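Undergrad: Below are the chains, spelled out letter by letter.
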Amino acid sequence: MKAENQELPTEIMELQMGPSHPATHGTIKFNLKLEGEKVRHCDVEVGFLHRGFDKSCEQATWTQVIPYTDRLNYASSLINNVGYALAVEKLIGAETPPRCQYIRVIISELARLFDHLTCCGMAASELGAITVGFYMIEARELITRIIENLTGARLTVTYVRIGGVKHDLPHDFAEHVTSTFTLVRKLLADCDRLLSRNRIFLDRMSNVGVISQEKALSYSLTGPILRATGVNYDVRKTFPYLVYDQLDFEVPLGSHGDNYDRFLCRIREIEQSMKIVEQALKRLPVGPVWIDDPRFVLPEKEKVYGSIEGLMHHFKIIMEGIQVPAGETYFAVEGGNGELGFYVVSDGGGRPYRLRVRPPCFIAMGAFHEMIQGYMVADIVPTFGMINMIGGECDR
Amino acid sequence: MSEISPQLGNIHAKLGAKILQSMQPQSDDVIILDRAGLRESFHLLKEQLSFDFLSDITAVDYWRKKEPRFEVVYQIASLKNRSRLRIRVPVPENDPVVDSLTPLWQGANFLEREVWDLYGIRFNDHPDLRRILLYDEFQGHPLRKDYPVNLCQPRVPERHVEGTFVDERSHNKLLRLKKSLAGKS
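Those sequence lines, one after another, are chains A and B. Mapping of the first sequence onto this note's numbering: residues 1 to 396, in sequence order. Mapping of the second sequence onto this note's numbering: residues 1 to 185, in sequence order.
Keep in mind the hints are simulated off the structure, nothing from the lab. Every value quoted in this text rests on a predicted model; they were computed, and no experiment measured them. Wrong hints could be hidden among the right ones.
To be verified - Computed footprint of chain A on chain B; a stretch qualifies when at least three of its residues, placed anywhere within it, have a C-beta under 8 angstroms from a C-beta of chain A: (1) 14 to 28; (2) 90 to 103; (3) 121 to 127; (4) 133 to 143.
All C-beta atoms in this analysis are idealised placements derived from N, C-alpha and C, irrespective of residue type, glycine included.
Isolated chain A (complex conformation) (with noise of 0.2 angstroms):
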């Protein structure tokens, strides 16, 4: 046979990846050019988890709304209700107590455990490792156990209120936290010996899916896409909100801005979330959870049916809905995924005008094309996975 006749078809291939393929958890549909198995083109197409989160809000009441949030991005839920409850209270000019400050802190580092772990597990259990995906899964299922023995939900909480939070901790939190812990870190020791220099993984993580640190920024990435590329932009020391000043702990950055640092940032995120909880629980102020005003806060039940004013103020919040201040606003709070910014319009009435929620994960899909251009279809599930986009999220 000759040499020409052996040669492959160098034509343009289309190939449609999605929307509902195995290897890429969410519903989303790459629509693919391919030059044999490398990536020429890639379109990416978003939208069908759109359920108009944006314009249900705007039926809703301030507080229906918190439910709403949750489902967003259901792996850190509690991230969500904590954002969107600080920027209606930015709006109202209202501040919580300091232990609600706390709490918020500790419940947020629970759900950034939550979503890291999630993303890693399943991105190294789509790569082989199935063991590490499991053993991930395990540690995952002690922070829901924390989660759960605290909101009474697993995944959509709606714990956090605007002024506060549904309850305090319950009593034996803190010993639940130190022992689950102890656990997950070891677990976490065990994922690290299996994965962290496995050729395999190695091989199919590190140089792909690559960004540059100028071109990262031009596409608004955040979080550890972002920090992946060396790049020190973290929302809790940039922009510090809740009782972060006060904490100590670092921000982990990559360097080549590939799936391997990327993978890298988030298991170093575990750990530091995993230090922040531990000081915040030794620092924890002894105090009320809930700001001391009648219109925003719903009254204990004991003054709902023991007094007249305790019953009107029920009585209001529940039917009119809490009376946001016309105006708007803007918060971030760094969340699992980055960024997690709530634009927040008020017309002064007892339902959001506007309600515009900065999805980190919709955004990173916008600079997919550019970091998969070049490679193998293969290499789409690791790169994908590492951006851990979560169809609540980005389709709203």
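Chain B: place on chain A using the hints.
TA: Just chain B, lined up with the frame of chain A:
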């Protein structure tokens, strides 16, 4: 409004007459910009005032509340100076067009597509202004305040993609659906 922050003072000095109004609600810096020459204004902000990071683009519909009806809202930040700035650009209903920021920040691509999709505001020189969250056949722009919440959209036939393998049965089903839809209208 008694005193403006030094940051707003700097911005005033650079942009001058382009600023229609500036304010500081809840200690945020907010400016309202003229949409004429918007890209040059952003270029100045990015290159000379080091607002190098585009956080977000969205819009608000003030239907029957304000004139002009729409406002496109930009959140930009300076990571070096650790400061944020919000820019609001009024856009009238009869000519809903603003300059695209894709030449300055590539991340504006997806964000502007979303604003186009949900609000129907067009962006000049956008490389690829298609719907993003909704499908091409969707009628109207759902985040406009005059779009009813419970409005149903018409059923659209399955899209035929050139050059793909088509299963005989589903193809026949597609033809039947097309026929029934054609019969209705």
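Undergrad: Which of the numbered hints are not met once you compare them with the structure shown?
TA: 2 and 3
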